[in-house]
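Protein chains in written order, with the working numbering: chain F, 1 to 402; chain U, 1 to 402.
Calculated from the structure, these hints are not laboratory results.
Sample of chain F residues facing chain U (criterion: CB under 7 angstroms; computed from the structure):
{"id": "1", "residue": "PRO15"}
{"id": "2", "residue": "VAL55"}
{"id": "3", "residue": "VAL297"}
{"id": "4", "residue": "PRO312"}
{"id": "5", "residue": "GLY314"}
{"id": "6", "residue": "TYR341"}
{"id": "7", "residue": "TYR344"}
{"id": "8", "residue": "PRO352"}
{"id": "9", "residue": "LEU358"}
Pulled from the structure, derived: some chain F residues nowhere near chain U, Cβ distances all over 12 angstroms:
{"id": "10", "residue": "LEU67"}
{"id": "11", "residue": "GLU72"}
{"id": "12", "residue": "GLY76"}
{"id": "13", "residue": "HIS86"}
{"id": "14", "residue": "SER96"}
{"id": "15", "residue": "VAL169"}
{"id": "16", "residue": "LEU245"}
{"id": "17", "residue": "GLN248"}
{"id": "18", "residue": "ASP380"}
Glycine included, each C-beta is placed from N, C-alpha and C at the ideal position.
2 protein chains.
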Amino acid sequence: MTSPAAVSRAGAPAPPVLAIIGGGQLARMMAQSAVPLGVPLRLLAEAEGVSAAQVVPDTTVGDYHDLDTLREVTEGCAVVTFDHEHVPTEHLHALSEAGVACRPGPGALVHAQDKGVMRARLHHLEVPCPRNEIVAEAADVEAFALSAAGFPVVLKTTRGGYDGKGVWVVSSPEECVDAFEVARRAGVEILAEEKVDFRRELSALVARSPSGQVAAYPVVESVQTDGICTEVVAPAPGLDPDLALEAQGIAMKVAAALDVTGILAVELFETTDGRVLVNELAMRPHNTGHWSMDGAVTGQFENHLRAVLDLPLGSPEARQPWTVMVNILGGRHGALSEDLYAGYPHVFARDPRLKVHLYGKAVKPGRKVGHVTAYGDDLDDVLERARHAAAWFRGDLGMESE
Amino acid sequence: MTSPAAVSRAGAPAPPVLAIIGGGQLARMMAQSAVPLGVPLRLLAEAEGVSAAQVVPDTTVGDYHDLDTLREVTEGCAVVTFDHEHVPTEHLHALSEAGVACRPGPGALVHAQDKGVMRARLHHLEVPCPRNEIVAEAADVEAFALSAAGFPVVLKTTRGGYDGKGVWVVSSPEECVDAFEVARRAGVEILAEEKVDFRRELSALVARSPSGQVAAYPVVESVQTDGICTEVVAPAPGLDPDLALEAQGIAMKVAAALDVTGILAVELFETTDGRVLVNELAMRPHNTGHWSMDGAVTGQFENHLRAVLDLPLGSPEARQPWTVMVNILGGRHGALSEDLYAGYPHVFARDPRLKVHLYGKAVKPGRKVGHVTAYGDDLDDVLERARHAAAWFRGDLGMESE
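Start from the sequences, fold in the hints, and give me the full structure.
So this is what it looks like as structure tokens:
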């Protein structure tokens, strides 16, 4: 406990109220885990009726860029945590100074907000990363390409990118125009990175508490489609145990060095020559950890809450040999894909062991609107079940192909 | 779907809104399961801030005895379900006539509301029960005792009893005075039952949907203390497979014959001579099914929602050999036992695999305020872990004995 125990109106001790900034599906799934823990939540949502606002009674609608709004929502809360990484750093410092523990704190969060800061810090920590450099113009990109692995080169805005936005793969200096134009308008920098020759993408997820306890989840394989995570297999099939340990070790080292509290997700490339390189960091429950809600003893959302409240962490171990999570993305086929609820009769009748999570979001093409999880002893079976269900929700089955 | 698909403000199809009457912990745990299903809830709570009202934004505070209140809360809802069995039968009929599907319906629910009606129906269905008879006065009790197994005899009010209330064990006609006085004042009858010589108590839980699908959970052993369920072991250790099948068969037969929708819990005695006799029926998620939230593929609350919405049911199978649920009852020891949250550091640090469910209720001696679940391969280990955690929350450890 970071503050004197709260006292309820009846005079009995009450659990601490946890503030959450941001009303997306991550906050919604935190709320689901807060129910059994008996932890009351106070939510700042960006609009009426957004995903988490549907399930948190104590919701304020407001703008997280506004410090007064943040102060109001966190008043009387010992701890505040986040659905996303976009709260301005200076506001986090202001809240901390006012006695509200930001978890993760601004000093940690900047590494998930700014890829330039992140790369510099990981370099300092001797954590393996793709070769990279901050570049100011096309000529710098060419020089970087020459000094690294040549073209193509990956360009990323240092701030503001996610789910494939703010990322360009360029094959010549001429192709850099868009990236620099976007960066200039947004007032951010461009980070150039070598395009890694990778076998697949991995994710190492840990929960870490302020008192320093860490729980490391099994390393998973994540499949990205157009820059969006679409499928996760836990654990990563056929992963060399030494490499798995190295990936977990990187996540634990980074979490400790950056004083991360809550969930840290380290997205990695497994290179064709058998190394792991850090791709991205996220400091919140992460899409590559959704499998754990149904597949692990303690889901990532429960462990995130326990971590930010500085309670002892729950076991991150898997409950069965294989768990597969497939995202439900908004589909292209009209009626069925807009009415996710209408997908239930088929998927539930076909597979009584399937777990479905719908986020209460309006369906738009390509938008993450839910996920399904299947688990069991046979990976092929589990993959088929999860993929079928997600495809059905998306509206890609029983339709003429385009 | 029982009604035309609802349409959201944005014009896209929206999932049906489910109304729940009663704001206790059962409604709270339904709400927890409604989050991943993406099913919006509308709650009628008996007071501000009760257990379920803490986690359901769309909550009305009102009296479920008032038909206008019930109409208001269920307006636009295709289906209404219940946290308890106390809504007056005539109101359920009125709601049904207005096009709101009551699940379970009044015709089924009366068997959980009135023990006299229940016993008569089970007799008609040739379901094994303790010998029983409606009695009007002490002389009837004596006559019943003579015709059955002698004294002691169990007396129960036909309506309104629960958790040991409204039940008397009498050894002579003179001891019947209290029971008849209570019944007279409440305007209910007294049911006399033989006091069964039982080895232990069992519970057979099924989910049943309006279209007739049934999912039968493993038969569990339940331990009652002072008439309150305190501990459940799933599955019932050492239970004869034929007897387990008979118990499941009884639950499935009763659910079908009474047209139960949602969860039906059949509490049974396993007699010392190896029979099962029905003790009580409950038509809602039940304390003896709480183990399934963490221990089964599909928890009873999720299956209750799926059943009342007429969606295909989820698998009720256990995920591991043993699951033990122990209730957290309000303790007698002051500070620690009043502040359940303060119990977390010890129980979570001791047992990273423990699952805890706190209901957000004020702690009063003997009141159910939460439960813990442990699961694993070794029953003795699982029992010890769950019992230890519940005792800690109750404040019975680390204190001088009384």
